[in-house]
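Each protein sequence line maps, in turn, to chains A and B.
Numbering-wise (this note's numbering), the first sequence opens with residue 1362 and increments by one.
Numbering-wise (this note's numbering), the second sequence opens with residue 4 and increments by one.
Since the hints were made in silico from the structure, they are not lab data.
Quick reminder that beta carbons are idealized off the backbone N, C-alpha and C, glycines included.
Hints are supplied without guarantee of correctness; some may be wrong.
Here are some, though not all, of the chain B residues that point toward chain A, as calculated from beta-carbon distances under 7 Å [said to hold, decoys possible]:
no.	residue
1	19
2	38
3	50
4	67
A few chain A residues that face chain B, going by a derived Cβ cut-off under 7 Å, partial list only [stated by the list, open to error]:
no.	residue
5	1393
6	1396
7	1399
8	1418
9	1420
10	1425
11	1428
12	1429
13	1432
14	1728
15	2243
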Amino acid sequence: MLNQLTQLCRRLLFYFRRDRFDRELEEEMKFHLEKKAETNLTAGMSPDEAHYTARRQFGNQTLLREKSREIWEFRSLETFWQDFRYSLRMLRKSPIFCLTAVLTLAVGIGANTAIFTLLHGLFLRDLPAPRPAELARINLIGPLPRLESVEAGIPWRMYQQLRLQQQSFTDLSAWVNSRVNIRDGEGVLRMYPSIHPTGNAFEVLGVKPYLGRLLTSSDDVRGGPSMGWPAVLSHGFWYERFGGDPQIIGKQLEISNTIVTVVGVTPPEFQGVLPGEGTKIYLPLQFLAVLIGKNIPDSPGFFCRPIGRLKSGISLTQANAELSVYQAALIREFLSPDQIPPSFIEKAKLTVSSARNGLGSFLVKQYWRPLILMQCLVAVVLLLCCVNVGGLMMSTVYARRHEFAVRTAMGAGRWRLTRQYLTESFVIAAAGATLGAAAAWYGIRLLLAFFIDPNRQEGLFIRPDNTVLLITSISAVLTTLLFGAAPAWHAGRSDPGTLLKSRTALGARKRILGRAFVPIQVALSVALVASAGLLSQSLIRIRTEQVGFDIGHITITCSQFYNLPQKGDALLDLYQRMVDRLEQLPGIQSAAATWYTPMTNSMATAVFQATGNGAGSREDSRMAWNEVGPGYFRTMQIRILAGREFERNERDRSVCILNKSAASHLFPQQAAIGEYVRSNDPQQFPQEATCRVIGLAEDAKYASAREQAPRTIYFPLNGRSGGALVFLMRSDYEATAAAAYRRALAEIAPTTPLLRFATLQQQMDDSLGQQRLITLMSQLFGGLALFLSALGLYGLLSSSVAQRTSEIGVRIALGARRGAVLRMILYEALRLLAAGVLLGSIALLLTVRLIQGQLYGISPFDPTILFATVGLLGCVILMAAFIPALRAAAVDPIQALRLE
Amino acid sequence: MLILKSLARSAEPMHGYGIYLYLKQISQDVIQVEEGSLYPALQRLALKGWVKAEWGQSENNRRARFYKLTPAGRKQLKQEFADFERVLEAIMRVMQTS
């Protein structure tokens, strides 16, 4: 140790007397040589011979001097620094090459980083807790009608029993998610997602507070602790809503009409136990009683989601084995057939699974496959980027082969040359990665906007963190190896002998490999560009589709009246007062309340039948239904063809309005008005109703613009419609509607929160999120593929022209016209293009199958799109080929032959 | 080790050429290396602190760099010699038994 320290000191000292070192070493060697020469001279050699022999026997002086110096230097660091500066100089000399390479890699790395960040945030990120592998969640899994295994947790009372009984965990905790109302910075009530853990939950996780303290067992008592209810804010919420106020601890906050005290802030890396949900605030589990107004935790239907910490040495399998022993008894005791379908209870099983990345949220299941698919796609794109940049670099190696040959001849080591080239690659990759990471960091917000589910209020919440940096660094190194290895190897292998002697022989072998890439890239471009065209056209057609109502001028917002004391008729009166007030306010042309809004990708359906004579009795009578308030049709601008709209006093299902398709289906032979319709679907529509048709409305689309307008039956709003109805407001501007709604809400229901405003057009765009994302991606990748194939071709032709310079020189000298040379190179490009298009049509056939489901109103083999694709590709390819072709045509035969 | 040994043999500091001549003479031309590779080796020893270099006058009054064994170098030589002897002994024993 001490020895190493003194060595280090000596090394450092060396840097101060470097020049002296060199001088002294040289003098020493000169001394040796002279001595040797003297000896040789006395042995009878001629003076010249004596010196020469001495030098020969001594070896390569420069190399030896370098070796001696290296012993003292921090070798690798210095070489790297040297190579780094040299690389910068070389790259500055060819800015276009540099820029192209960096941008290409930036796109590739940026796309990978962005997608991986999403993937990581949703599925792979460990909870920031000590030993996350020990965390496990417990769920009841069983067959549910129409829902595929939703992880709903277990009943609260079962959890309590299980916590006492189990042996595998050091402790169990439970988490429940809900929503609370908090005033925002402007004093407007807003709804935020909240999490309600048991008191020991943070202890089980082992998360430490960022400020103050987290929730403890003494907080989670019925009726609240004597100090009042405590609340813990998430770091993000504390920052956004309270500006990161360091004095926040002890401040009081009104949450859903209850005063709570802020006791702490969670650390920034802890983003809740539900990935992607973006929890804002943590309140004790018993606080739910305040939110809902009764002691729900004790009611048998109340579910919670347990997270436990396994005892050390206990595996998930062992924990599952333990549960399987007494799960039957637990299920029998705590699942009542009154609330849960017996078919579920029969097959239900308690399962323990890992909770190292939290409780799987609803989002996780939905996005797993598309994200994996996208990750694969961007990985392929990155690979293509690497191949192309590698190809470009290869042509620079070829152009610089004389430099390398001279350097090898002068004693540069092979590994040194290889290394220098790798450093150059790394500089390019690092620049690309930096740019890519920056793009990903800001781009991820844009990407998240495509993941808004129109049925939910918030979109995904993923915050890029250090993993982004990690991933980009890894990809930088990986890409360096991928695209830099081959050129670097070639650079190191350059043999001065053959190179200095002849220049034409080399490279002929390599061309075959390079040639194969271009058609493949062209093929990919054909498939991607054509898909992008088809998808964009589909999207345009969907968005401009006639939906049957005024989509652009209707603003919607969801009311939260279910916690108000008014129920039944009183609640409907409240809604009516709101509608009336809204219609009085300036700018609102018309307003109404409704149960379901269109363009959410979902709709309610049930089976209805006509009663009485002449009714069509067809098999399939499933139709969509909705409950709408007075003024709905007027607001939506759906024409009433016959009869009338609902009136204020119609508040039950004794009357209904049919749309045109429903009427002609149910009553094919007669006018529907005045006839009766009966529901016949005890499962989906348990409250059987027979109703008189009082109106006939024009057809309108319901779940999405892609589908035909379904047969629809409308009922009036009634006592069962609930307190979460949606207000529709028709106005010229969304802002007018929002302002009016805020005013009306403040006057009529000031204790309820304000939610997001959206126009129906926005809602439709949100519902098309995945489609828009796919379209955008295909456009992006199509453009990229096009660019890459142009780049690939350019690289290939450039190096081929460079290799054939002398051949072209001979041709021109022998009388070939420049036009012919130009054509020769362009033909080469066209041959590659033709091969690519041929391959591409096969690729397109395969792709079309994948995207067929997304197409709308356009044939997958739409001739316009296909011709446009090939035309575009041809233009780009020819443009890329033109530069090397012109260069070839401009070859000066004398110059070319003199070099030979 | 050979360089250390040659320095240990001589009471006085030696210069590079002297070491070369000594090695050549002792090994009777068995060891044939590039003469110049002696110098990087010397630098390695200097870095480790086993030899110390000083400038002085050569036999015919020329300036030359002389190398001297340090106490640490002497210790190292003893250590290496002991190791070498052990290995040699082992080899000899194997050879004799067969």
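Structure-based check of all given hints:
1. 19: 5 Å, holds
2. 38: With a closest approach of 5 Å, the residue 38 (chain B) hint holds.
3. 50: 6 Å, holds
4. 67: 5 Å, holds
5. 1393: 5 Å, holds
6. 1396: This interface hint holds because 5 Å falls under the 7 Å limit.
7. 1399: For residue 1399 (chain A), the interface hint is violated, since the closest Cβ of chain B sits about 9 Å away, which is over 7 Å.
8. 1418: At about 5 Å, which falls below the 7 Å cut-off, the nearest Cβ of chain B leaves the hint on residue 1418 (chain A) intact, so it holds.
9. 1420: 3 Å, holds
10. 1425: Hint on residue 1425 (chain A): holds, closest Cβ of chain B at ~4 Å, below 7 Å.
11. 1428: This interface hint holds because 4 Å falls under the 7 Å limit.
12. 1429: 4 Å, holds
13. 1432: Hint holds; residue 1432 (chain A) Cβ to chain B Cβ min 5 Å, cut 7 Å.
14. 1728: Interface hint status for residue 1728 (chain A): violated (59 Å vs cutoff 7 Å).
15. 2243: 55 Å, violated
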